[in-house]
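Peer 1: Order-wise, the sequence lines are chains A and B.
By the working numbering, the letter at position 257 of the first sequence is numbered 257, and the numbering carries on one by one without gaps.
By the working numbering, the letter at position 235 of the second sequence is numbered 1235, and the numbering carries on one by one without gaps.
Hints are computed from structural coordinates only; laboratory data are not their basis.
Just so we're clear, the structure is a prediction, and the values are computed from it rather than from any experiment.
Some hints here could point you the wrong way.
[To be verified] Computed cross-link-like contacts, BS3-like style, restricted to lysine-lysine with a CA-CA straight-line distance of at most 25 Å:
#1 A:K223 / B:K1005
#2 A:K96 / A:K223
#3 A:K129 / B:K1034
#4 A:K227 / B:K1005
[Claimed, not checked] Among the chain B residues that face chain A by a calculated CB cut under 8 Å, a handful are:
#5 L1015
#6 L1016
#7 P1021
#8 I1022
#9 V1083
#10 L1088
Positions of the beta carbon are idealized from the N, C-alpha and C atoms, including for glycine.
Here's the letter readout for the chains.
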Amino acid sequence: MLVDDRPDAGATRPPTSQTTPPARRSPATRVGSALGGLLAMVPTWLLVVVLFLVPIVFLAVASLATFNWDTGKLDWVLTFENYTELFRSSTFVAFKNSIFLSVVATIACVLIGYPIAYAISLTSGRAQKLLLLAVITPFWTAFVVRVYAWLTLLGPGDLVPWMLSLTGLTSSDLDLTYTNTAVLIGIVYCYLPLSILPVYSVLEQIDRNLVLAAYDLGYSPAKAWFKVTLPLSLPGVAVSALLVGIPCLGEYTIPAVLGGGKTLMIGNLVTNAFTGTGNYAAGAAIAMLLLAVILVANWGPRGIAALVRLATRVLTRSAA
Amino acid sequence: MTNHKTVTVLAVLGLLFLWVPIVAIAANAFNGDKLLLEWGGFTTRWLHQTLRDAEFRTDLRNSFVCAVVVAALSVAVAFTAAVGRRGLRSGRLDRADDSLVLLRMVMPEVVVVMSIFLITRLLEIELGWALVVASQVVYCSAYAFLIINARMSQLSDVYENAARDLGARPHVVFARVTVPLMVPSILVAFLMTFTFSMDDVVSPTFLGGPDVTTLPTLIMGMIRHGVTADVNAVALLAMVFSLVPLFAALTLTGVRNLGAVGTDKRG
Chain A
1 MLVDDRPDAG ATRPPTSQTT PPARRSPATR VGSALGGLLA MVPTWLLVVV
51 LFLVPIVFLA VASLATFNWD TGKLDWVLTF ENYTELFRSS TFVAFKNSIF
101 LSVVATIACV LIGYPIAYAI SLTSGRAQKL LLLAVITPFW TAFVVRVYAW
151 LTLLGPGDLV PWMLSLTGLT SSDLDLTYTN TAVLIGIVYC YLPLSILPVY
201 SVLEQIDRNL VLAAYDLGYS PAKAWFKVTL PLSLPGVAVS ALLVGIPCLG
251 EYTIPAVLGG GKTLMIGNLV TNAFTGTGNY AAGAAIAMLL LAVILVANWG
301 PRGIAALVRL ATRVLTRSAA
Chain B
1001 MTNHKTVTVL AVLGLLFLWV PIVAIAANAF NGDKLLLEWG GFTTRWLHQT
1051 LRDAEFRTDL RNSFVCAVVV AALSVAVAFT AAVGRRGLRS GRLDRADDSL
1101 VLLRMVMPEV VVVMSIFLIT RLLEIELGWA LVVASQVVYC SAYAFLIINA
1151 RMSQLSDVYE NAARDLGARP HVVFARVTVP LMVPSILVAF LMTFTFSMDD
1201 VVSPTFLGGP DVTTLPTLIM GMIRHGVTAD VNAVALLAMV FSLVPLFAAL
1251 TLTGVRNLGA VGTDKRG
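Using the sequences plus the hints, can you model the full thing?
Peer 2: Have a look at this one:
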């Protein structure tokens, strides 16, 4: 490419080193476009500050306040009681349940999604487009409907209990609706397309010649997959695990429909605290903890990786 | 490609898992047995009933109007932000902005919605459509930005420079060169945020107050009363309507690109 079209080209380097002819922009238009650029950022920053950052600061402050049951308002007295209260039974159970469900759902999504992604990457042309469409369509289909669908499949005598009864271990009258299992199935179902697409796009980029070379060296297809394809596709698996694991920690709708108020996740506890009892301080504390879990889950692995890199750099340098 | 039988079998089973519930909804919308205990013969009664139902029509219209407004606002905010970033060309600002975009995407919707709810309680602001739209724009604009900025950052300067060399004034260059080049990504972002809004349960439930009803809240309410054929009719129609933006997006950009775009949706 002749033209350097990276977004930050130009500002970070002196104009003389630019690959684009720099003379086109006079200093005046440059300042003008910078000013215009700042102006154009105003709506998004306004939106983020007023509707996102300020409310979350309020949430953080409210989580340290006391809820006054007599007035139904918050007393602005600093306390950590809302946080110590989190470790009481029902809240803590829902927390453990959310983390458990999200870990199991992530593993299930990867295990079910990987073969689909692999199969799609093995096809080409029209067949591949059709398979991709088969994965993307459910993903764009009305979300609540996809969750609701499982209510009609998990009740006594419905499809899933009937299939399970074929193993002879359970009766076909088994009622799975409003259970943890139902919530788990719903999560896996809704997030499955999310786990397929990143793995597919990584598999698609793997050089077929590497696999063919493995065959030439006498590897069986299974062994070639295990030794060559699988290791190369792990970055895609990591992305899909993040895409499934993190959003489902804060899931509200799926447990609300399939858990029927019995199986709760953190998301439901937050709304229950706000709208049920009206104890905003308690709700705010639960929301803050959910926020902390999400941030740790999202940036924790990266932080650890960065620390490991830093440590190895320091160690190798001191060894040298 | 000798031993891919296992993969094929597993993939077929996985695809069945994806499609059986959708087929079941569609089939049971035509089930003559209202309680869905068995197959009671084919009927279009529930569909007719639903299509005539005033509540369904209102909620569908509400959802549609709300989604159009949310998508338009999200795209407008995202597009101006992408334009701003192109004009500023400041690496440090970009990084700060990037982390705010990412933060809005990973933040669970319940947290965003309940933090706004808290403010409405503290400042005694009345719940309603404005708040529903506002909270949806918070995260929809982040997704729209991701789609639009991806295209914007790939946009080379050559066309704009050529137009400028030919004597076009800056605003003409913008309107006649930059915007047309961005249209496909703007439309895809619009369609995607439109479906996000159409699907949303949390915002209308908690920020809408008693007067706000949408298609998802209608379905949530109906589910509470039990599983019947007429819920399936509403569900089937909701599915059919949600396919319209999908196919519009598919014609705009190939199925491969759409797969790459659609990898971050929240529930």
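Peer 1: So, for every hint listed, does it hold in this structure?
Peer 2: Comparing the hints with the structure gives:
1. A distance of roughly 15 Å separates the Cα atoms of K223 of chain A and K1005 of chain B; the hinted pair therefore holds under the 25 Å criterion.
2. Restraint check for K96 of chain A and K223 of chain A: not satisfied, since their Cα atoms lie roughly 38 Å apart, outside the 25 Å limit.
3. About 38 Å separates the Cα atoms of K129 of chain A and K1034 of chain B, which puts this hinted pair outside 25 Å; it is violated.
4. Between K227 of chain A and K1005 of chain B the CA atoms are separated by roughly 19 Å; this keeps the pair inside 25 Å, and the hint holds.
5. Interface hint status for L1015 of chain B: upheld, as the beta-carbon distance to the closest one in chain A is roughly 6 Å, under 8 Å.
6. Taking 8 Å as the C-beta contact cut-off toward chain A, the hint placing L1016 of chain B at the interface is violated, the least distance being around 10 Å.
7. The beta carbon of P1021 of chain B is positioned within 8 Å of a beta carbon in chain A (closest approach about 3 Å), and the interface hint is therefore held.
8. At a threshold of 8 Å, the smallest CB-CB gap from I1022 of chain B to chain A is about 6 Å, leaving the interface hint in force.
9. Evaluation of the V1083 of chain B hint against chain A yields a held restraint, the C-beta minimum of about 5 Å falling below 8 Å.
10. With a least beta-carbon distance of about 4 Å to chain A, the hint placing L1088 of chain B at the interface is held under the 8 Å criterion.
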